[in-house]
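Heads up: the sequence lines are chains C, P and Z, in that order.
Just so we're aligned, residue 291 is where the first sequence starts under my numbering, counting upward by one.
Just so we're aligned, residue 6 is where the second sequence starts under my numbering, counting upward by one.
Just so we're aligned, residue 92 is where the third sequence starts under my numbering, counting upward by one.
These aren't lab readings, by the way, just hints derived from the structure by calculation.
In this text, a Cβ means the ideal position worked out from N, Cα and C, and glycines have one as well.
Warning: the hint list may mix true and false statements.
[As the list claims (entries may be wrong)] Covered stretches of chain Z (in silico footprint by chain P; criterion: 3 or more residues with CB under 8 Å from a CB of chain P, positions within the stretch not fixed):
hint, segment
1, 143-152
2, 158-166
3, 186-199
4, 310-323
5, 329-336
Chain residues, written in single-letter form:
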Amino acid sequence: MPERIRHAPLDLEQFKPAKAEIHLIKDECKGCGYCIEFCPKKVLEESDEINARGVHPPKVVDEDKCIICSFCSAVCPDFAIFVVEKKNKEGK
Amino acid sequence: MVQETVPVVVHPFSKYLRAEMMPHIWCQGCGNGVLLNCFVHALDELQTDLDKLVVVSGIGCIGRTAGYMNADSFHTTHGRALAFATGVKLANPELEIVVISGDGDLFAIGGNHFIHAARRNIGIKVLCANNLNYGMTGGQQGPTTPLESVTTTSPYGNIEHPFNLVHLAAASGSTYVARWTSLHVRRLTQSIKKMLQKEGFCFVEMLSPCPEIYGRYNKMRSGLEMMSWFKKASVVENFSDPSKADITPERIVVGEFVDIEKLSYEKMLHEKISKINEKAIEGVS
Amino acid sequence: MSRIKSALTGAHFMNGDVACAEGAIAVGCRFFAGYPITPATEIAEHLSQRMPEFGGIYVQMEDEIASLAAVIGASYSGLKAMTATSGPGFSLMQENIGLAVMTEAPCVIVDVMRGGPSTGQPTMPGQQDVMQAKWGSHGDYGIIALTPSSVQEMFDLTVEAFNLSEAYRVPTLLMGDEIVGHMWEKVVIPSPDKIRIVNRKKPNVSPEKYLPFKPDDDLVPPMACFGEGYHFHSTGLTHDEHGYPRTSSSEVQSKLVRRLCDKIQKNADKIVKVEEVMLEDAEVVVVAYGIVARAALSAIRKAREKGIKAGLLRLITLWPFPEERVAKAAKRARAIVVPEMNCGQMVREVERVAKETPVVFLSKLGEEPHTPLEILEAIRRSK
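Next up, chain C with everything else stripped away, as it sits in the complex (with noise of 0.2 Å):
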């Protein structure tokens, strides 16, 4: 059984969780609304706008939210989204 940590590690500061970057092809999308409903932190909304399709493609609504868990990439039946990493200025 592992030991309960009941504070926080203590080299915490040293990690900071990878940016995320939402790629929408907006003109792609079919407006399932798969991504939007499964996003575990709500990260995406329907758009007012209208794409080639005639349909709401999403919106991204706080990408600072994302947790880069890609949910939406692999249930997207229309290769309209995918979440990359963010680069840092140094490329990183």
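With chain C held as given, fit chains P and Z onto it using these hints.
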């Protein structure tokens, strides 16, 4: 001032798809797109050699998959994908043959070919998009349509008991059998990866939403409603008895059901041919 | 692949089915998928034993539909492939013959004809499938069908069938019958260096530039195979030169279907083969094929003894129909006699082409083909 070019957004999986054939013809929310996504994801994780991949599909909405994959592909007549794939695999066992087809193509007209391919244990990997009806032709009942479902050819409710595909695949002799839904994308991708690395006949079923037709006739008018059925009713029961793996409005049993080792047909055949060929040459020279 | 064992050569005494199997091996066929059916079973049995000796593959599929599907698959993987069946199996294969035609897959299908229709008379000869050979599958298409009259021809025409199917990327049919399949005769098999082998054209462009259904001047596209890095697509749907489905364009449909027909029709002069015996001054011409041509040969000789100027035009190619040769013979003749073991099939083609020349049809069904005397009687009556 440095002119920054706006980079064109290209999906990381584009190299696996034929750009000139995209976008695909599948409806909003169709599970076929999810299956294609998971399949391509598995290929990407395994870094599969696309030159050695052959995608064979049958007739149906899912049958169009062969046209979208950037690999050698063949779109056969209805139900004959497995028989065609048998010829390909035996002729060149180095090729990785994946049959991507639907419930009607594989189990109605193709039923006989399925059970024999599984019985022979030929190293073909089968991905079945089970959308519970015949989607391409407008939504007729099929061999996996649940009891009392409404379809265009069962307007008073379907009275035929559906097949339990994992039970059928296991009983016919597959070395790997799994069922997931289009919601279980991670586990589906892992199953596909496992299947691609396994010897013998493997079968992975993905329960697929068909919201435009099956869903609409059966009170699940959108992909989200069908997905919420999957979410509510799915239970993961790995290695449980496949004969009890039901699909009902209350309960969808998913998981891996069979994972065994069995010598494949092409391996046995080519070993035998080598022996006989050697003997024949010695006899002549 | 495995080292090649050298094939059978020299003079042998064997039955037609076995000769056909040996012909396949001699020309390089290394894949057979079949299903047992009288009277073609011996081809499968012989190949199940011989194929592995040459490093080839024999597989018994669950039915004839699967057999032909597997043959097309093996053909697309680069092997020369064949299957063998009889009437009932031939009917089952029609859909996949359409697939082979549409995807331009070289392969050979042997139909050892028997009494039909339906289960019919499995152990008796017939010539009832000859129209089905051309029109059996749905849709418009061109196809090649050869018909042997002897055990030697069962060997020779199997070799020819493979060569034609590779040259024209078309399924080629060998329409034998139960007698030619089961009788035993002497067969002289040439040494391998004397057997002409034609292989399919391979693409001479890089994979990026390759168009799988773009024809050369002979209307035949070069063929890449699975695993060569071409990443091509092939489908039974109407397709363009890329191989991609184009189900809404009348232009694409017209172009493709007409080419599939023209591929055979426009090359007919290179494909068609007949045998002409005493035809130069013939007043009565017997047009016959298969086992019936053997009796016809005897009949015209007897007729000549009686002073009747009779000649024989033996059809070796049934499809594309040898129109020019039949028309030419019909022009010079006063009458044409067509004996067939059916209720009138190839005779319709002869009538169409013979125009003014009267055609007498001699039908016979059952265990025996026409006797020479029966054909002689018809020659005498039509003179």
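Query raised in the report: Honestly, which of those hints from before does the structure not fit?
Result: Structure breaks no hint.
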